[in-house]
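From first to last, the protein sequence lines are chains P and G. Position 13 (the first sequence) corresponds to 13 in this note's numbering; numbering is contiguous. Position 339 (the second sequence) corresponds to 339 in this note's numbering; numbering is contiguous.
Hints listed in this document are in silico derivations from the structure and should not be mistaken for laboratory results. Note that the structure is predicted; figures quoted are calculated from it, not measured.
Okay, derived cross-link-like pairs now, SDA-like style, lysine to any residue, Cα gap no bigger than 20 Å in a straight line:
| no. | chain 1 | residue 1 | chain 2 | residue 2 |
| --- | --- | --- | --- | --- |
| 1 | P | Lys138 | G | Arg148 |
| 2 | P | Lys114 | G | Phe106 |
| 3 | G | Lys52 | G | Glu126 |
| 4 | G | Lys437 | G | Ile453 |
| 5 | P | Lys136 | G | Glu139 |
| 6 | G | Lys299 | G | Lys348 |
| 7 | P | Lys131 | P | Asp50 |
| 8 | P | Lys131 | G | Leu130 |
| 9 | G | Lys147 | P | Tyr133 |
| 10 | P | Lys114 | P | Glu25 |
One-sided excerpt, in silico: chain G residues whose CB lies under 10 Å from chain P:
| no. | residue |
| --- | --- |
| 11 | Ile96 |
| 12 | Asp105 |
| 13 | Asp113 |
| 14 | His119 |
| 15 | Lys123 |
| 16 | Glu133 |
| 17 | Asn134 |
| 18 | Tyr140 |
Backbone N, C-alpha and C fix where the C-beta goes; we use that ideal spot for every residue, glycine too.
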Amino acid sequence: MEQTLSILTIEDEPLIRQGIVNYLEDQGYTVLEAGDGQEGLEVFRRDKPDILLVDLQMPVIDGFEVLDVVQQESPETPVIVISGVGILQQAAHAVELGAWDFITKPIEDMFIVKHAIQKSWERAMLVQENKKYREKRKRHTEEIHEQKS
Amino acid sequence: MNRSPESSITILIIEDEMMIRTTTAAYLEDNGFSILEAANGREGLEKFRRHKPDFVLVDLRMPELDGFDVLKAVTKESPETPIVVVSGTGTIDDVIEAIRLGAWDFITKPIHDMSIVEHTITKSWERSLLLQENRQYREYLEDEVYKRTREVKESEAKFRSIVQTAAEGIILIDGDGSIISWNQGAAKTFGYTEKEIIGQSVEKLIPERYRGGHTHALQYLQSIGINNHTGKNLELRGLHKEGHELPLELSLVSWEASDTNFFCGIVRDITERKKAEEEKSRLVAAVDQATEVIVITDKDGLIQYVNPAFERITGYSYQEAVGQNPRILQSNKHDPEFYKSLWDTISKGQVWQGHIINKRKNGTFFEEEMTISPIRDETGTIFSYVAVKYDVTHEIQMEKQLRQAQKMEAIGTLAGGIAHDFNNILFAMLGYIEILKDMAPKDSPMLDYLLQIRKAGVRAKDLVRQILTFSRQGEQSLQRVIAAPVVKESLKLLRSSLPTTIDIQENIFSPMTQIMATPTQIQQIFMNLCTNAGYVMRKGGTLTVELVEVELDADFAALHDLKKGRFLKLSISDTGDGIPPEIQDRIFEPFFTTKPQGEGTGMGLAMVHGIVKNLGGTITVSSTFHQGTTFDLYFPAIMNPKKIPALTESNFLPQGKEHILLVDDDEMVIKVEKVLLEDLGYQVTTATNGPEALEIFHNTSVPFDLVLTDLTMPKMTGEQLAQELTAIFPQLPVLLTTGFNEGLNEASFKKAGIRALLAKPIEQKKLADTLHAIFHSPDNN
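If we strip away everything but chain P, and leave its shape as in the complex, we get:
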């Protein structure tokens, strides 16, 4: 499933961004990128990526704002935040606000990115599946009720 996943990376530091993009492309993901929050939201709205990687600290529109918009517009799209090691409090705060996971910079190993993406996607799938099951079950219960009444 990774092959078809599209991932939007929003990172103002070109070097880091490029590193992530290169790695993810190598892993077979479809990768979209944006240098700031503004551009990131435009791409998000236009291309509807499956997962977002967002740096928390960016000028003008920062990662929190992006998180907030995505939360509102597409609550089921996983958002993974990237934060500096020294400011873990921010990451924790983002998770409280609804980020699905966080990655600390400097990124020790790109495997961590991939792992975070996989975990989030799996969770998204589980939630989606859970929702479907829930609805199915609900429908089914209603059907039984109808048949009985």
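Could you slot chain G onto chain P? The hints should help.
Positioned in the frame of chain P, the structure of chain G alone reads:
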């Protein structure tokens, strides 16, 4: 996510560095988790197995049994328990290996912030819950699917067995007409096994001449969409495997699948039903065409069916009869006991058979031989009655006719016998009166008394003649007569004697038809019937006289003992009160009259009857109460008419001087006849028997010109005498006198040389004319 950790979650922390382990444990305990601690892998696994923690946090690098071994054991023994590994920084390869082995997540040391630990645990726990929940859902749904599938399978098996064992053929075809399902009923109906027919075109089941139509119908059904034709039963012909056709009833159901229609035909072999229908229509035809009347009623006796014979005979139509009680036919000719016993019999379930008089719609009666049979249903309860009736009116009529004819014949014979003797007596009396009359002094009152006696005698003679006419023993010298002029002439005479209130209609359709009769006979008949008609219409009415030539059919002819062929029919109808049915049979009997004592002799219609029969014809009467009576008289018409000279009559008595030998065994007769002959100028010699006559004939000095002899004499009959005489003198005219000419054989008389027959008592005029004709005929020498 901010979900608060469950208080019941037990976390097993396996960490060899006591500092990290206790710090972590303390932090997590503070956050509500229950904590189990283990300082190495071995202890960790022991605790894991013993306490079954909800969650495992394990350091990868430990002496003895390290984190990888724990990981392997836990994922193997309890793959659903979340296990998170703790790894040192810079040893990412360990992490990758751990995740490959089934670790849910990892935490790197040194742990900068304990919230990372909590976040990681929470996420894995959440995943565990989601997996568990989804698995439960999945299991629930799978279970449901299984249950449903089983239900569907059971239901399908049920329907399949119904379909398979149904007596009807149930055949499923796809949109292309290929058979996709075939049951035992279909196999039985068409002869193909399921194996032989599945996949074949349904056309195999249709006779060739219908295939085109079937294809069209199928296309049509496809085009109008599904179920516009369901619930309709069609009757059509099917083709059996062995090549014969069979009548079928088909009901069709179809439904739409994703891209094609399916048709399900339910087919019933209706051969038996068709046969039964044919049988029924045959029976119906038989019942319809039967000459016997057939009436079917329900158990209460209300008519449910009548056949055309019923309509024909009773005059009631089917519509009028159905729903009615057969009582509509009741004639009241039977007493209530009769009907009661009839009903008692049939309601007991027995067959009633008998003779019954019923009444037609028009009020006339008819007689039937009837058999009524009750019909029972399978429980033995009577639900219907069938009456089969044979109209015997015709037979009864024939029988009556025959009886009547026999009676008339007997009366005739009796009357004729009496009349014959009486005639001879009268003849003598009148003869002597003639003699006395001459002998009586001119101015004596004796002459007047003699004339009175003669008048009475003549009346008696008339009566005898009438009786003889009735008994058909009167004089018969029939000739060709054109009836119409005689009828017209008589009608003219009649008109003056009938009151003006009677209108006379004259319909002569056959003015030239000839019959064998005498004008007097026709006149007699006509006057008699018309006088009767006038009598019954004393208060006015219409007398209709019709003369028409008809062809009699065999039935009518047989009924009246006539030869079939052309007849002249004379109809005389009045508009009087009609003749009551009960006396219709008796009106032709002699001395039967409805007129008051003294007004009628009762001989009129008897004479008419006698004359008509004598002329080889018949007379019928039909009468309707208050409407009138019609007499129809039938006379055999002459098929090769000849021109007939007009009749002349005169009162002139031709005279003669010839010598006549008079022979009779009755001396009184000899004396009277001698006077009559001498009165006419003839010379007369007498003899009282045959041998004496022969002797006189041979020894006479004056030759005889003619012999007048009685027929019935002792020793030698008149016929024998004539034979003897004409043997010697073939030219000698011999006349025969007789009072009673039954049994006379004209041919043998002719052979015996007898020229003419004279009825006794001999009228002088007749005698004079006959003698004159003989002596002056061209063939006489």
